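Peer 1: The primary structure of each chain is shown beneath.
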Amino acid sequence: NAGVIQTPRHKVTGKGQEATLWCEPISGHSAVFWYRQTIVQGLEFLTYFRNQAPIDDSGMPKERFSAQMPNQSHSTLKIQSTQPQDSAVYLCASSIGTGGEQYFGPGTRLTVL
Amino acid sequence: QQKVQQSPESLIVPEGGMASLNCTSSDRNVDYFWWYRQHSGKSPKMLMSIFSNGEKEEGRFTVHLNKASLHTSLHIRDSQPSDSALYLCAASRTGGYKVVFGSGTRLLVSP
Chain A
5 NAGVIQTPRH KVTGKGQEAT LWCEPISGHS AVFWYRQTIV QGLEFLTYFR NQAPIDDSGM
65 PKERFSAQMP NQSHSTLKIQ STQPQDSAVY LCASSIGTGG EQYFGPGTRL TVL
Chain B
20 QQKVQQSPES LIVPEGGMAS LNCTSSDRNV DYFWWYRQHS GKSPKMLMSI FSNGEKEEGR
80 FTVHLNKASL HTSLHIRDSQ PSDSALYLCA ASRTGGYKVV FGSGTRLLVS P
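So the sequence lines, in the order shown, correspond to chains A and B.
Quick note on our numbering: the first sequence kicks off at 5 and runs consecutively.
Quick note on our numbering: the second sequence kicks off at 20 and runs consecutively.
Since the hints were derived computationally from the structure, they do not count as laboratory data.
Being a predicted model, the structure only gives us computed values, none of them experimental.
Hints are supplied without guarantee of correctness; some may be wrong.
As the list claims (entries may be wrong) - Below, in silico cross-link-like pairs of lysine-lysine (DSS-like), each with a Cα-Cα straight-line distance of 30 Å or less:
{"id": "1", "chain 1": "B", "residue 1": "K61", "chain 2": "B", "residue 2": "K22"}
{"id": "2", "chain 1": "B", "residue 1": "K86", "chain 2": "A", "residue 2": "K15"}
{"id": "3", "chain 1": "A", "residue 1": "K19", "chain 2": "B", "residue 2": "K61"}
{"id": "4", "chain 1": "B", "residue 1": "K64", "chain 2": "A", "residue 2": "K66"}
{"id": "5", "chain 1": "B", "residue 1": "K75", "chain 2": "B", "residue 2": "K61"}
{"id": "6", "chain 1": "A", "residue 1": "K66", "chain 2": "B", "residue 2": "K61"}
{"id": "7", "chain 1": "A", "residue 1": "K15", "chain 2": "A", "residue 2": "K66"}
{"id": "8", "chain 1": "A", "residue 1": "K19", "chain 2": "A", "residue 2": "K66"}
{"id": "9", "chain 1": "A", "residue 1": "K82", "chain 2": "A", "residue 2": "K19"}
{"id": "10", "chain 1": "B", "residue 1": "K61", "chain 2": "A", "residue 2": "K82"}
{"id": "11", "chain 1": "A", "residue 1": "K15", "chain 2": "B", "residue 2": "K75"}
{"id": "12", "chain 1": "B", "residue 1": "K75", "chain 2": "B", "residue 2": "K22"}
{"id": "13", "chain 1": "B", "residue 1": "K64", "chain 2": "B", "residue 2": "K75"}
{"id": "14", "chain 1": "B", "residue 1": "K86", "chain 2": "B", "residue 2": "K75"}
{"id": "15", "chain 1": "A", "residue 1": "K66", "chain 2": "B", "residue 2": "K22"}
{"id": "16", "chain 1": "A", "residue 1": "K66", "chain 2": "A", "residue 2": "K82"}
{"id": "17", "chain 1": "B", "residue 1": "K64", "chain 2": "B", "residue 2": "K86"}
{"id": "18", "chain 1": "B", "residue 1": "K22", "chain 2": "B", "residue 2": "K64"}
{"id": "19", "chain 1": "A", "residue 1": "K82", "chain 2": "B", "residue 2": "K86"}
{"id": "20", "chain 1": "A", "residue 1": "K82", "chain 2": "A", "residue 2": "K15"}
{"id": "21", "chain 1": "B", "residue 1": "K22", "chain 2": "A", "residue 2": "K82"}
{"id": "22", "chain 1": "B", "residue 1": "K22", "chain 2": "B", "residue 2": "K86"}
Produce the complete structure using the sequences and hints provided.
Peer 2: The structure is reproduced here in structure tokens:
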């Protein structure tokens with residue numbers, strides 16, 4: 005079991021460019037979560053899927069952020085027109101059920117210049 | 020919207036000392052509490068969980084839960100420099116509700 009896989013591990017974009025982050029959850033886990041973490045804001049919930057269906061996106065900045073889960077083996081987080089304030093570590097986690105132990109991936113460190 | 024409050028925000032304890040971290044949920048229906056540990060540059064990893072009133076011990080780590088007050092605490096005895104990390108508390112309840120994380124307590128164990 006390789007755990008939750010996130011790619012890329014590091015991404016640098018220029019202001020206004022698009023960034024797509026990938027997550028492969030642990031096989032058999034039905035829930036997939038996306039978080040953003042910075043020193044100042046801490047761990048912020050963005051969105052989650054259960055059995056590939058979007059359930060709660062209350063933490064997503066509405067205008068430029070979107071997430072999808074086209075199949076049970078991967079989810080993507082897309083940020084359009086990236087801004088310096090989007091710089092953060094983006095963490096993906098999966099769990100067997102919605103309220104159970106979450107297994108985190110190594111994260112993608114996004115730097116927007 | 021459930022909130023999970025952690026205190027203190029940061030804590031410094033000497034090597035060999037006792038570290039005590041606190042966490043309270045605002046949701047009266049919460050059923051489960053989790054403690055995650057995140058070392059610098061790493062991702063969070065579940066440390067301990069507690070579902071029933073009382074105490075649970077694993078090595079140097081002890082977790083207490085008081086469901087009536089929706090309060091849990093994590094105690095680390097004989098703290099080691101390797102215990103220095105961000106400790107995140109999380110709470111959830113049955114019925115398909117998502118886990119909610121607190122903002123964390125940053126622990127530094129000084130040699």
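Peer 1: Taking the hints in turn, state whether each one holds.
Peer 2: Cross-check of the supplied hints:
no. : hint             : result
1   : B:K61 with B:K22 : holds, 24 Å
2   : B:K86 with A:K15 : violated, 43 Å
3   : A:K19 with B:K61 : holds, 27 Å
4   : B:K64 with A:K66 : holds, 29 Å
5   : B:K75 with B:K61 : holds, 26 Å
6   : A:K66 with B:K61 : holds, 28 Å
7   : A:K15 with A:K66 : holds, 22 Å
8   : A:K19 with A:K66 : holds, 18 Å
9   : A:K82 with A:K19 : holds, 15 Å
10  : B:K61 with A:K82 : holds, 23 Å
11  : A:K15 with B:K75 : violated, 41 Å
12  : B:K75 with B:K22 : holds, 24 Å
13  : B:K64 with B:K75 : holds, 18 Å
14  : B:K86 with B:K75 : holds, 14 Å
15  : A:K66 with B:K22 : holds, 22 Å
16  : A:K66 with A:K82 : holds, 12 Å
17  : B:K64 with B:K86 : holds, 24 Å
18  : B:K22 with B:K64 : holds, 20 Å
19  : A:K82 with B:K86 : violated, 39 Å
20  : A:K82 with A:K15 : holds, 13 Å
21  : B:K22 with A:K82 : holds, 27 Å
22  : B:K22 with B:K86 : holds, 15 Å
Taken one by one, the earlier hints fail for this structure at numbers 2, 11 and 19, listed in ascending order.
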